[in-house]
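Chemist: Given chain A, put chains B, C and D in place with the hints provided.
Protein chains: 4
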Amino acid sequence: MLGTGLIGTFYTAALHAKRSRDRVGVVYSRSEERATRFAEEWGVAVSTTDLREAIEHPATDTVVIGLPNDLHEEAVRIAAEAGKAILCTKPLARNAEEAQRILELVERAGVFAGYLEDLCYTPKCLKAVRSIQDGAVGDVMWVRSRETHPGPHSAWFWDAEQAGGGPIVDLGCHCIEIIRTYVGKGNRPVEVMCWADTLVHPIEAEDNAIALIRFESGAIGQLEVSWTFRGGMDLRDEVAGTEGTIWLNNFLRTGFELFTSGGTGEYVAEKAETASGWLFPVGDELTELGYVDMFADMFDSLDSGREPRETFYDGYVVNGVIDACYRSAASRQWEPVEIEWRGGKARPIERTAREYDGKVVIKEEKLPDGRVKLILKDKTTGIFEDQVVSGSGVAG
Amino acid sequence: MLGTGLIGTFYTAALHAKRSRDRVGVVYSRSEERATRFAEEWGVAVSTTDLREAIEHPATDTVVIGLPNDLHEEAVRIAAEAGKAILCTKPLARNAEEAQRILELVERAGVFAGYLEDLCYTPKCLKAVRSIQDGAVGDVMWVRSRETHPGPHSAWFWDAEQAGGGPIVDLGCHCIEIIRTYVGKGNRPVEVMCWADTLVHPIEAEDNAIALIRFESGAIGQLEVSWTFRGGMDLRDEVAGTEGTIWLNNFLRTGFELFTSGGTGEYVAEKAETASGWLFPVGDELTELGYVDMFADMFDSLDSGREPRETFYDGYVVNGVIDACYRSAASRQWEPVEIEWRGGKARPIERTAREYDGKVVIKEEKLPDGRVKLILKDKTTGIFEDQVVSGSGVAG
Amino acid sequence: MLGTGLIGTFYTAALHAKRSRDRVGVVYSRSEERATRFAEEWGVAVSTTDLREAIEHPATDTVVIGLPNDLHEEAVRIAAEAGKAILCTKPLARNAEEAQRILELVERAGVFAGYLEDLCYTPKCLKAVRSIQDGAVGDVMWVRSRETHPGPHSAWFWDAEQAGGGPIVDLGCHCIEIIRTYVGKGNRPVEVMCWADTLVHPIEAEDNAIALIRFESGAIGQLEVSWTFRGGMDLRDEVAGTEGTIWLNNFLRTGFELFTSGGTGEYVAEKAETASGWLFPVGDELTELGYVDMFADMFDSLDSGREPRETFYDGYVVNGVIDACYRSAASRQWEPVEIEWRGGKARPIERTAREYDGKVVIKEEKLPDGRVKLILKDKTTGIFEDQVVSGSGVAG
Amino acid sequence: MLGTGLIGTFYTAALHAKRSRDRVGVVYSRSEERATRFAEEWGVAVSTTDLREAIEHPATDTVVIGLPNDLHEEAVRIAAEAGKAILCTKPLARNAEEAQRILELVERAGVFAGYLEDLCYTPKCLKAVRSIQDGAVGDVMWVRSRETHPGPHSAWFWDAEQAGGGPIVDLGCHCIEIIRTYVGKGNRPVEVMCWADTLVHPIEAEDNAIALIRFESGAIGQLEVSWTFRGGMDLRDEVAGTEGTIWLNNFLRTGFELFTSGGTGEYVAEKAETASGWLFPVGDELTELGYVDMFADMFDSLDSGREPRETFYDGYVVNGVIDACYRSAASRQWEPVEIEWRGGKARPIERTAREYDGKVVIKEEKLPDGRVKLILKDKTTGIFEDQVVSGSGVAG
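Chains as they are written, first to last, in our numbering: chain A, 1 to 396; chain B, 1 to 396; chain C, 1 to 396; chain D, 1 to 396.
Bear in mind the hints are in silico, worked out from the structure with no lab data behind them. It is possible that some hints are incorrect.
For identical chains, the list gives no copy identity; a pair is met inside one copy or between any two copies.
What the hints assert, rightly or not - Simulated crosslink set (DMTMM-like; lysine to aspartate or glutamate; CA at most 25 angstroms straight-line):
1. Lys366 / Glu216
2. Lys379 / Glu107
3. Lys366 / Glu107
4. Lys185 / Glu41
5. Lys377 / Glu161
6. Lys366 / Glu243
7. Lys373 / Glu33
8. Lys84 / Asp197
9. Lys379 / Asp197
10. Lys373 / Asp134
11. Lys377 / Glu365
12. Lys377 / Glu273
13. Lys345 / Glu335
14. Lys185 / Asp378
Given the structure is predicted, the values throughout are model-derived calculations rather than measurements.
Only chain A is shown next, with the shape it has when bound in the complex (with noise of 0.2 angstroms):
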């Protein structure tokens, strides 16, 4: 475990949970305080502050790194050159060009390389993906992703050379492999049109970005990120597709709803921005965020020799979709997605022609009473006319 920030916990407590084969042998930190102190509180053997000490130690298989963003490479070079699986936290590399190397020093390599984008693994994303792959709603239209709080908690984050940006790097990356997991992953991101800017906060980097991603198929996927939302985590997803709609909530409204008058002064949930009043824990972080189910994934792939759900060159498109976006955002129109496509051909969304009467039929609805109304279109004439119809309508 390369990293003992918020992420290195999450990814050990999910390492750890519950009846898990898995454990973390070696940690790393850059700080000798708190490698120790995370070595005593998770129980592991072995604590250094000598990054190619912890990877190329005999008791690491598997090098999981979480550290800032500007560290990855060189953290996946050493951790390539010793032919070790490999698991990076994202988002993969401030920018393709980054990601691009990390790509080819794995694929050099050989090594296996799971990409930890925990969000594409939370269990309403793996039930919501098997229902549209079941066909219940369609084909995808739209995806709305929205990751919202009010800012990061490690100072790391806000210094943009560091980061590589602000929120359009920090959770815009969940957003965007979100969306490419609806909208289906041969469904190449074409071009992007992205909004940002910095409405509150001191820095230099947005704090605010809105964008908008066409995908092959006309598909439209819209991300939203902030750093200044106030009321907690807002993590949800939309999905529109041409014969059903999914709404998730996967954190502020999930069937849990907690009223306290804060009486206690102790500390009742947490990311609530209050200790008082109403508050919307969910029942086990862990889980709800994906943890446990990515790491399965990671290990059981690692194990069967198969690629996981989330890979490196997942990461490096991420990667050129956020780096579309802020061309984007400083040119004011939509820029192409500058990468190199693996993905195949995608088909176009399924538009609906069928005919009535010898008319074009625009609209069918069902009336109260059983009947059905058409809205017709005259293919000669142009003109629009409604038309009621007993019986089940086109079909009959």
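Modeler: Relative to chain A, chains B, C and D alone:
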């Protein structure tokens, strides 16, 4: 009452609602059969297919226009000439040029003119605006307004010539005015970035669109409209402010949940796509969609000689933003909103600028143990660091 | 308007709401100062501290009683003698005996009498009742009505002598009539089982109670009332029918969610226990709590000479059920509801009795593969078994 | 694993979940065909129809009993004799007498015994219990636990002889233990008042029941069970405390909402009553229903030699409460819970007793203007009055 379609019915039902003093006295329809039927159903004394006769009828104090978009200008002209008070449905016109002519007609005639934008009068919207004015959310940074459903009921909506466009015109006009209501009517909409596409229906107008509107204060409005949404009618607004958040759901999740096996084959809820399973009706559509409060404001304003909340000038601004949406969708870049602005100047969103120990405070966060964690930036070195302080942080 | 407390204010606000034809012309209060202040605030021409004067005043067509429970009978007596129409707040009386005397007063005088049970007039309740009447949920089996908050605002409520009891009287009167509305007014409440206790407040009356009401049809009503609930005012109703389910939330979760840091110290939402954090106001309390529709029904009924939805007889039945609650809480067993019943006979809940292959069908369930699984009971051996059949099951 | 029905499948899926160390090694079913199929499907080495063989098999460390209720005692006897650790599904037995015999079997044999009450292990329940222990809601006054669905899947549940009763046994066992978990395991269930009826299904057992359980502290538990609920599976818990409130929704409203036109005819979500319209699946049923955390606690407890959260004694107490429910439903009055109590004494709910100005403070309420309104009772005269005081009220 000019028009006997769905909107004419809603308007009349709202005007006659409960213990109202107001009554429809004359009804006009292009079809004699519908005019007569409507008059009977609603107890209206006079019905006619002659537009001028309806308007100039001595029983007509106020002309309520509920006609297709391309017929607004003509109706306003006759009513203005007749010196009658005029209430016109949304959108005011098909484009800003037409809207400006309509605006000039009423201003030159000096008649009372109200813009029937019902969704700015929902009880939730009115209450939310008061909360914002009381400072509950601080400065508004972002407003999202979403209106989507599976497509309109009447044929003329689908004809871009009569309607002036697709859902950007039909639904976006609501969203734009809702957004203006939350960011402040004195906050100039500066420019627009819009994506629009025809994904499903065999029509020439768009059936889906998303637009960003940048306001003078720096606030961003986001509108999402669709005629392909599945699951009913989604009317949601969200406001993010520097000190708070508002989430409104006007239709699909309002505390009314009904499951029915559908065994009876009866009609159980409006605007639902299915007759069985989980349905989400609203209690009283006329109130929930704002019609009752809207007409109360219109007639109270008329009686007391003041301007209503929603004026023809507001309708003109909305058309100006819609025009910019279409230009942006075509040019694929931000387009200025070209309107004659009467709203004055807005101050920018307030940015925090506090210091601690000579360093810039980036973020302040209460820890479970009562201490405060600061993220600080050294102004000379540019280095970011965490610091945990006791007491009440910066204020201390 | 007799009474200038919270309820008098709500009533007057509702009567004067929007474009209403109705106006309060005379106001009575026991305190001269409050009478005068109320008259000024609401534009009421006449104010007095003489009850008889207020009632007999020529400007008074209809007497609206918004007084403490122990003063209803006297006010009704004077109004009945004066031959005025009477609207009385809930509960009608402190017990069934007093209620019966009140009922006799108005019936002997032959005056119009309406029972101001607002929560049976919420838009959601009215819509839900129509759905039930249309068969959407089949036969009603169970209704839960819950009304809880942290305790009333005025001192007299807490005095069991003036009020007639605690929340069973104050809030239970709503729940009982809501339950009757859903199971059907012609469905006799037969017996009651009630638990009541004083858990928190230093009072003699109960501060918490739960009661079950068994109706003639076999349906069960369940009321839950509390003056110790934390988190606002919880007004929820649930209906379980043989063919469907209804869940209504009248207050705390109605699609209006507001987070505020509370920095301004301003008042942002009514009936919330906190001034910061997540708050859940309703859009328009007068409408959402039923006041507007209630008075519309009352005055429309009065104008057209028909009975209103809620009559003094209904108020009397409610008091009869409340009495049974107190008797049951004391005797710790089911107690009969002792009332003079005018509602006729109700048919029992319909039970299914289908057979398949000569066996009793206990349950039928659609499998994912389209087949139907039956649970069957052999009528002779009494043995239960599963059987999977193709096609549409019993119907096939 | 004894039993291959739905519960055996859930248990095995949970035991094999993700990176678990635990595996099912031997499976028993009464039917050879199901034993073999199950073994193949789940990769279980040994399958048998001989109960004793399964239990005594050397590969069996721990016996997991997932059999119909009437077969628990026999299985426990054989396992206890074999000295194996035993985990038994809920309810422990059909009645308290049988439960006591089972308890004695394991206590005499000295084997590890865990009670598989999964719903006390849902992540939400575990988190909520921690919040209560941290004082977030003060003293618990009332707990409502509701479990309702349209009826069980397997035939034996419907046979009162095999099952021991209807939903009081099948679902009430969950509710009772959930309620105990919230009011505290050391809080003795003193007496029970229960209503039960057979409203719809042609069975001898009840298909609906509601019960109140009074605990030593004064707290009230309320269980609602039904086999006739329409709309899916309703699993909700509510806790009211002196300082706060908890509302949990374990199934139907967990932040996952899916609308589907159902056009594909595919299976899209479990336990939904319909294949189209709005559906509300959960993300990961095994986790959300508590199976994963339950087995983790069981095996961790077994490994470390401590008692699990849920013991056979807990199962026995549950059966004691169920017995009292049936006695009360028959006698129509409160019935004592007849159990051998090992839980010690509980302190009563704390009642406030503050004074102001020599008077009893009944209620304290913050006004919008910052002042405090007190409701006071004069101890000598017994008169109630309002008083508005500045500052912080009683504390000041």
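Chemist: Can you give the numbers of the hints that this structure goes against, from lowest to highest?
Modeler: 1, 2, 3, 4, 8 and 14
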